[in-house]
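Protein chains in written order, with UniProt numbering: chain A, 1 to 346; chain B, 1 to 346; chain C, 1 to 346; chain D, 1 to 346.
Read the hints as simulated data drawn from the structure, not as lab findings.
On a predicted model such as this, the values are computed, not experimentally measured, just so you know.
Check each hint, because a few of them may be wrong.
When the alpha-carbon atoms are kept at most 20 Å apart in a straight line, the in silico SDA-like pairs for lysine to any residue are as follows [what the hints assert, rightly or not]:
#, chain 1, residue 1, chain 2, residue 2
1, D, Lys133, C, Asp273
2, C, Lys84, C, Asp68
3, D, Lys326, A, Thr192
Number of protein chains: 4
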Amino acid sequence: MSNLKIGIIGAGRIGKIHADNLLRHPEVEVVGVSDLFAGPELEAWAAARGIGLLTKDANELIQHPEIDALFICSSTDTHVPLIKQAAKAGKHIFCEKPVSLSVAETAEAIEAAAQAGVKLQIGFNRRFDHNFKRVREHVEAGTIGDVHIVKITSRDPNPPSKDYIQVSGGLFIDMAIHDFDMARFVAGSEVTEVFAQGSVLVDPAFAACGDIDTAIVTLKFANGALGVIDNSRQAVYGYDQRVEVFGSRGSVAIANDYPNSAVVSTAAGIVSDKPLHFFLERYMGAYADESRQFIDCLVRGTALPVTGEDGLQAERIAAAAKLSCKLNRSVKLEELDELLLQSAQG
Amino acid sequence: MSNLKIGIIGAGRIGKIHADNLLRHPEVEVVGVSDLFAGPELEAWAAARGIGLLTKDANELIQHPEIDALFICSSTDTHVPLIKQAAKAGKHIFCEKPVSLSVAETAEAIEAAAQAGVKLQIGFNRRFDHNFKRVREHVEAGTIGDVHIVKITSRDPNPPSKDYIQVSGGLFIDMAIHDFDMARFVAGSEVTEVFAQGSVLVDPAFAACGDIDTAIVTLKFANGALGVIDNSRQAVYGYDQRVEVFGSRGSVAIANDYPNSAVVSTAAGIVSDKPLHFFLERYMGAYADESRQFIDCLVRGTALPVTGEDGLQAERIAAAAKLSCKLNRSVKLEELDELLLQSAQG
Amino acid sequence: MSNLKIGIIGAGRIGKIHADNLLRHPEVEVVGVSDLFAGPELEAWAAARGIGLLTKDANELIQHPEIDALFICSSTDTHVPLIKQAAKAGKHIFCEKPVSLSVAETAEAIEAAAQAGVKLQIGFNRRFDHNFKRVREHVEAGTIGDVHIVKITSRDPNPPSKDYIQVSGGLFIDMAIHDFDMARFVAGSEVTEVFAQGSVLVDPAFAACGDIDTAIVTLKFANGALGVIDNSRQAVYGYDQRVEVFGSRGSVAIANDYPNSAVVSTAAGIVSDKPLHFFLERYMGAYADESRQFIDCLVRGTALPVTGEDGLQAERIAAAAKLSCKLNRSVKLEELDELLLQSAQG
Amino acid sequence: MSNLKIGIIGAGRIGKIHADNLLRHPEVEVVGVSDLFAGPELEAWAAARGIGLLTKDANELIQHPEIDALFICSSTDTHVPLIKQAAKAGKHIFCEKPVSLSVAETAEAIEAAAQAGVKLQIGFNRRFDHNFKRVREHVEAGTIGDVHIVKITSRDPNPPSKDYIQVSGGLFIDMAIHDFDMARFVAGSEVTEVFAQGSVLVDPAFAACGDIDTAIVTLKFANGALGVIDNSRQAVYGYDQRVEVFGSRGSVAIANDYPNSAVVSTAAGIVSDKPLHFFLERYMGAYADESRQFIDCLVRGTALPVTGEDGLQAERIAAAAKLSCKLNRSVKLEELDELLLQSAQG
């Protein structure tokens, strides 16, 4: 009865989320899961879900004759080769963000998918969140007129481990990449120029890794609008993800999500609970919706909601932000390739 | 592998919700479903969920040797006989609210379950809602001290059909019953006295059925606290369910749930979307949690979160409210049985 | 240059507020002030404001040939005789609430003013508050359609002294009188029936004085709408005065006023400052506006915004509430006079 | 009886506000007012306030033997010469912002006041606003720990006239100067580096004047913190002035002020009134408080709340922002003087 057979590469936190969301669709069958650390624990997990195939070898899924599409949820460094192989094998692809730490390699992966004629969706889950989606709807509907200013606040509740920082590619490509995509999404226009300032204020470990933990990025859009993103690796009150878009006819702003709406008034003040702390909690519905739309695209031919090109543009902005920070000047996207070349040579 | 085998009596809107929630538990098997209107549509629904048995005869489930527990989701007039039969057959019972339109019959049903030694949980789903639960937690934790005033706002988005009104038992037993339970739940004390005022302001159809559509109910609690509930059958802006508990050390209040947090500021004003409109949307999580706790009770022996006694007390308050409205005076719960007797005779 | 000469009887807290507000109007001259406790302190206060006449004898003001209008801000028991004398002397009158503790005496005072053809405004300051006024505007504009439910929360930050409680006339006439007036004001309809429940939960001193400190009052309006007021003598988080009016096309609700809008988010939660604690702080603008409108009425012939009749109606509701509490039944306003007679005789 | 005699130079909108605020202090006498456009209208205004001296010649006030202090509220180009003359005449000075359009001239004016030993307060009124003040208090109290990010939103309700734009000095010195001061005020640290991006999105008139109407400014503070300000000359929903300070232990954020708290819920959505539209409305209390503190400084010797140095620093940041925009690169404050020199020569 199922119309779509899917394999999942990488059964970490996010791969498991996707699996559970896919399993809720009667038209989808999760045929197999691959993970380098497949073992008794994952076996039990797969068995409880009726997933018949568990392997350490992603190739078993890529070459599996029945599988139509692959979810690539393994570590970032494996994305590009896996996309190329999957594309070659004619499988449709859902790939987690970022596609890679290299703009050039990401472009190659996208090209491979295009050549093979397979669909490639990138995991910018926030586009599917009830709040961010509503901002986009208002902008598209013209509620706020022409866009003048996009403001994004994006702060994580806790910094990652030092091990993770070292391979993360840095704050801009690892964390702010979501915000760069969001900026394009809500502005409805391409970013043309980036200026970024960064500091190490949360933990010296970031400096030790050549990274930053706090940043302000100014964006210029093709339509003349300006944007600004502020990032921190540690908001002690929880996950802080807000957007405001301001335009000629007004503004639209969204707040965080909260576990409840209880407001306590006592002699000590007016108090409510902190926002949802963890990204999986906050974006559970968005994850479900992004895979649903991927399925719809494959089964019903609807449009792909987030393309490889979206992945590439966000990475280009991230690369420009990193260079801007280093050069302490504004970087135009059109000069990025040359600057990256110089940077690689220098 | 499943530890608990369940049958569902009545596959209307709410029975289906329970089925889907139960199906998410690996330890539960939904063995069968009965519904007076079983036909091709329900067959397809059951098949898609792997439910093997679909019947028009509830008795098939009640007498089914493998079934451990029954969800009674059929119309209110069937609850009491079904509870008695299920109890006799040794099945545990989850029954939707209200148990019946008669305090005496509800008491009999509870007695039957007690005699048979089966568990009986009543479907006061709002106790499991993230917001109301938080109010209770704060009251229990002493955050607001001794309870002085309980305020409940409870307004439906749309009035029911005239057909429904006629068999509903009236606003107090059909709609406000949730609020009477909520009052006991958040106050942590029994209601001792009720004064109710009602009006027909929404639709003359209510008057034609001898019912009201707007009400204010004042409650007195055993601990001296006062309570007030306001009800309307029609809040055009959506489902409006709020609670405030005020005490010696402060207050705790909860607001409605919204589809998103977007705030639009234009020359016309500051605007946001209306609260969630439909009770299934608003309480989806609460429904899932009430069945989870019922399962936990049966499988792991945890305490039953809502008992038959809770169902009875809420119905007694509803009956007192109805009488108070009629007599235009305050009705003490302790005089209820006698007044009901007089009322039945008169 | 001044068009209006005013005398103030009673220079307590509220009399001084009125004086300072009046002094800001170039067209008004505060000719004199009388107070039983006139002494060096009040002399300094008057001198700093250029008020030439300070006396212990209210009659000096009442008989003063140049004075056009009197503000009666002395203790409640003096209001009726002062109104009668002032009316006889042809002075316009602004009188603080309540006019008296006796419905009959208040009616006599109003009659005296009417006979003398002098204006009589009652000090229901909250009608002039930016928030409550906005509720009324929305109701009048039809924004929320026909009024179905009026909800008023009215809680003081601190209970008064035992001395004050003893002469206050009780919670309904002393404190809830404002809410009874507010109910009529925002509903745009007369109250026809009252049911009140009271408890002593804050301080046994209230019981010792035959008073209550916590109450729920249900109102029925001539237009069929229902109302409910909850009162407490002690909200530890500050002055809590809110209104919600619900109708066929929606609702309008107002919140408390706060000293600032700062929201602090820390690991401990989301915290803001408590509402304005003191009624003078909260209603400073409303006091200024009520005297401004009184002046406008006298100087420019605009309509009196709060009449003696408004004062009387609020007192009648308060008397009905007190009786309802005592009789534990609903009291119709049309039976009030007879019940008061019985009560006086009984 | 008055301890302080004051003259006001410039009786435009803001000069009149200061006059009325000063007149409320019994210890202050407003001896005279000068205005280039003194005529019948101003004469009536002065007479109604008992201000005896009205002149077109500011020198009459500066040389007036009885005047202790001067409020300089005339056009920006007159500030520096007036400060120098007033200082020479030994008068204390309250001067509106900005002191001048030239950092060098402002420095001279400050030096003149210092040499003469007179007090010089600059009119950064927002520091005295109930909301912004509370932010500063929380930062100073350590509530949010070390400051990491300062975010300021500052948008005017309407663009000024073209005539005004031409002499305004541009968005940064005319409008954002308040925000630069606010940034220093709430961060508790000096700005060391500025990057600014500007656009013309509201009205081409700005481009015609060589100005911008929309801007994003990134700041770096001496303590390592980052800041960002977004400005627009036109927020159609009203005056939009908000601040958020984020730090190691949390954040504090303030919202706009509103005319009332009424929330209307209808089938069309949840609606409230727009924020206060006009700066005089919004900051009325702040204006009163800034002059009160100036008086306190002179009469009681309390500390000057905003110094000439504060005025100078804000102007230096504004100048750096203007240069940054022009050069499309980050500008360090320490290189400002040299860059300004180059800019003047080039």
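Comparing the hints with the structure gives:
A distance of roughly 13 Å separates the Cα atoms of Lys133 of chain D and Asp273 of chain C; the hinted pair therefore holds under the 20 Å criterion. Of the pairs offered as hints, the one joining Lys84 of chain C and Asp68 of chain C holds, with about 15 Å between alpha carbons and a cut-off of 20 Å not exceeded. At most 20 Å may separate the alpha-carbon atoms for a hinted pair to count; Lys326 of chain D and Thr192 of chain A meet this at roughly 18 Å.
Checked against the numbered hints given earlier, the structure satisfies every one of them.
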